[in-house]
Amino acid sequence: MDAIIIETIIKAVVVLAIISALAGFGTYLERKVLAFMQRRLGPTHVGPFGLLQLAADGIKLFTKEDLIPQNANRLLFSLAPVITAATAFIALSAVPLLPEFELFGYTVKPIVADINIGVLFVIGVMGAGLYGPLLAGMSQANKWGLLGAARTTVQFLSYEVVTGLSLLAPLMIVGSLSLIDINNHQTGGLSDWILWQQPVAFVLFVIAGFAETNRTPFDLLEHEAEIVSGYVTDYSGLRWGLFFVGEYANMITIGFLASLIFLGGFNDLWFIPGWLAIILKVSFLFFFMLWTRAAWPHVRPDQLMWLCWKILMPLAIINIVITGLVMMV
Amino acid sequence: MSLEQFKDRNVGTQEYRHIQASTSPKTPMEKFTQVVKRTFSKELFVGLKVVFTQMAKGPKTWHTVKYPQEKLPIGPRYRAIHKLLKLLESGNERCIGCGLCEKICIADCIRMDTRYDENQRKEVTEYSINLGRCIFCGYCAEVCPELAIVHGPRFENASEQRAHFVIKDDMLTPVDALKHQKEFPGFGALSDDADKKVKKTPLAY
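As they're listed, the protein sequences go chains A and B.
My numbering applies: residue 1 is where the first sequence begins, and numbers increase by one.
My numbering applies: residue 1 is where the second sequence begins, and numbers increase by one.
Everything labelled a hint here was simulated from the structure, so no lab data went into it.
What you are looking at is a predicted structure, and each value in this text was computed from that prediction instead of being measured.
A few of these clues could be false.
Only pairs whose alpha carbons sit at most 30 Å apart, straight line, appear in this in silico DSS-like list of lysine-lysine [stated by the list, open to error]:
{"id": "1", "chain 1": "B", "residue 1": "Lys179", "chain 2": "B", "residue 2": "Lys122"}
{"id": "2", "chain 1": "B", "residue 1": "Lys200", "chain 2": "B", "residue 2": "Lys179"}
{"id": "3", "chain 1": "B", "residue 1": "Lys49", "chain 2": "A", "residue 2": "Lys310"}
{"id": "4", "chain 1": "B", "residue 1": "Lys37", "chain 2": "A", "residue 2": "Lys310"}
{"id": "5", "chain 1": "B", "residue 1": "Lys60", "chain 2": "B", "residue 2": "Lys71"}
{"id": "6", "chain 1": "B", "residue 1": "Lys60", "chain 2": "B", "residue 2": "Lys49"}
{"id": "7", "chain 1": "B", "residue 1": "Lys7", "chain 2": "A", "residue 2": "Lys310"}
{"id": "8", "chain 1": "B", "residue 1": "Lys49", "chain 2": "A", "residue 2": "Lys60"}
{"id": "9", "chain 1": "A", "residue 1": "Lys64", "chain 2": "B", "residue 2": "Lys66"}
{"id": "10", "chain 1": "B", "residue 1": "Lys197", "chain 2": "B", "residue 2": "Lys103"}
{"id": "11", "chain 1": "B", "residue 1": "Lys66", "chain 2": "A", "residue 2": "Lys310"}
{"id": "12", "chain 1": "B", "residue 1": "Lys103", "chain 2": "B", "residue 2": "Lys182"}
Estimated spans, in silico, between C-beta atoms of each pair [stated by the list, open to error]:
{"id": "13", "chain 1": "B", "residue 1": "His18", "chain 2": "A", "residue 2": "Val82", "range": "55 to 63 Å"}
{"id": "14", "chain 1": "B", "residue 1": "Gly47", "chain 2": "A", "residue 2": "Pro314", "range": "48 to 56 Å"}
{"id": "15", "chain 1": "B", "residue 1": "Ser159", "chain 2": "A", "residue 2": "Lys64", "range": "26 to 34 Å"}
{"id": "16", "chain 1": "B", "residue 1": "Phe155", "chain 2": "A", "residue 2": "Ala55", "range": "29 to 37 Å"}
The C-beta atom is built at its ideal place from N, Cα and C for all residues, glycine as well.
Make the full structure from the sequences, and use the hints.
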């Protein structure tokens, strides 16, 4: 029993350390990729290729004055960023990050908690992450913050529906909510990927994932031209950094979910070993999020709702019905 | 080319192309077909392709100039902070103290003090330009009969005091840099083919 607790704690610390470092590194990648696509250089001055820009930004965030606005609700104001960051990492705890491997003769399962309702847990905790932006916007006594929080709530809640419904069809095929079961369902290589059976669900999930991680075609929560910085308007320093890390951790989680459920997970692919395969898949999805940011303009809020309720949700339901009919016949 | 076509204000007769804005769909069916058409046309992927090709072209096509280390070349006619030049042969100042620049300066920012030296030649003792007032019109450089005051290429004039740039000793070519002094090609200077353009004065015919 003690061994399991110690193992879990070690895993949790490792996941927390690696993913938050990756989330920070993601900001560097985002700046570089966006710069290259816009024929710029991106960060170049701090360290080789600007790699230490990350450290510079970290120092800046740490040493920045921690402001709490006069009329803000202090408790909720300081709690909100923690909710965002914490839920982002808690969601990752049920995601198998790599295939099992042996370390010093001891089999390590790179998943913090192998629960049999993995998908439900991940989606649920990410949904609970909504409280971060919501409380942040409502507590800071700032109109822009409140408007940003309202937009966030509307967008996240609406697209929760699409995420859930789009995942339902592949889950019906697999017959299990455990992400490891879903992964094991696709062991037969490229042709076994659920993507080929559920292309519509994949597209819907990616669109909804973009909306839930606040990526560009749907980045209305912090749209500078309209609502300054949305729900983070009054945040500074480390609290703001926590929102940022949470957002990028969510991007990584969505990348892992899409890879595990639709793109064959960490099964070996041709000559590529499984651990490398899933890293490549997640990296590509992450890159895709940056790519679309460079290429596509974002939509208006009313178009966002129109897309969700009139297009994506009916499509998801039709997809489920057809999948069910095919499975029954 | 004459200026006729630019002076013509009658827009109706010129060749303007009217771009027909697409009509917005009216009936629900039209709206539906528009949505379907836009969804399945490849427009979104064209955007992705454009930015990716830009990235794939590599650093040679990028435009960034790393400013403090790299600078774009500046045109010879650019009018930045003034310089006072010297005679190449003797190293004496070119300025003969005529005071034309002081006189023509429309911002009234040039001040000079002169005196007669022991050879009864005019000597400039003090020369200053108030850069807080200078509008960099270039009249001083244009009026100068000796090409003594010119506009240099030094455009980075951030300092605690603007006066730092126009102390006479700073503007004047230093003695050791005399061999590097370039004849001024810019505003008010003689053009390269000035000799060819010179005509005899009418009385000499």
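Verification of the supplied hints:
no.: 1; hint: B/Lys179 <-> B/Lys122; in the structure: holds (25 Å)
no.: 2; hint: B/Lys200 <-> B/Lys179; in the structure: violated (33 Å)
no.: 3; hint: B/Lys49 <-> A/Lys310; in the structure: holds (29 Å)
no.: 4; hint: B/Lys37 <-> A/Lys310; in the structure: holds (16 Å)
no.: 5; hint: B/Lys60 <-> B/Lys71; in the structure: holds (17 Å)
no.: 6; hint: B/Lys60 <-> B/Lys49; in the structure: holds (19 Å)
no.: 7; hint: B/Lys7 <-> A/Lys310; in the structure: violated (55 Å)
no.: 8; hint: B/Lys49 <-> A/Lys60; in the structure: violated (36 Å)
no.: 9; hint: A/Lys64 <-> B/Lys66; in the structure: holds (28 Å)
no.: 10; hint: B/Lys197 <-> B/Lys103; in the structure: holds (28 Å)
no.: 11; hint: B/Lys66 <-> A/Lys310; in the structure: violated (49 Å)
no.: 12; hint: B/Lys103 <-> B/Lys182; in the structure: holds (26 Å)
no.: 13; hint: B/His18 <-> A/Val82: 55 to 63 Å; in the structure: holds (58 Å)
no.: 14; hint: B/Gly47 <-> A/Pro314: 48 to 56 Å; in the structure: violated (26 Å)
no.: 15; hint: B/Ser159 <-> A/Lys64: 26 to 34 Å; in the structure: holds (30 Å)
no.: 16; hint: B/Phe155 <-> A/Ala55: 29 to 37 Å; in the structure: holds (34 Å)
Of the numbered hints given earlier, the model fails hints 2, 7, 8, 11, 14; all others are met.
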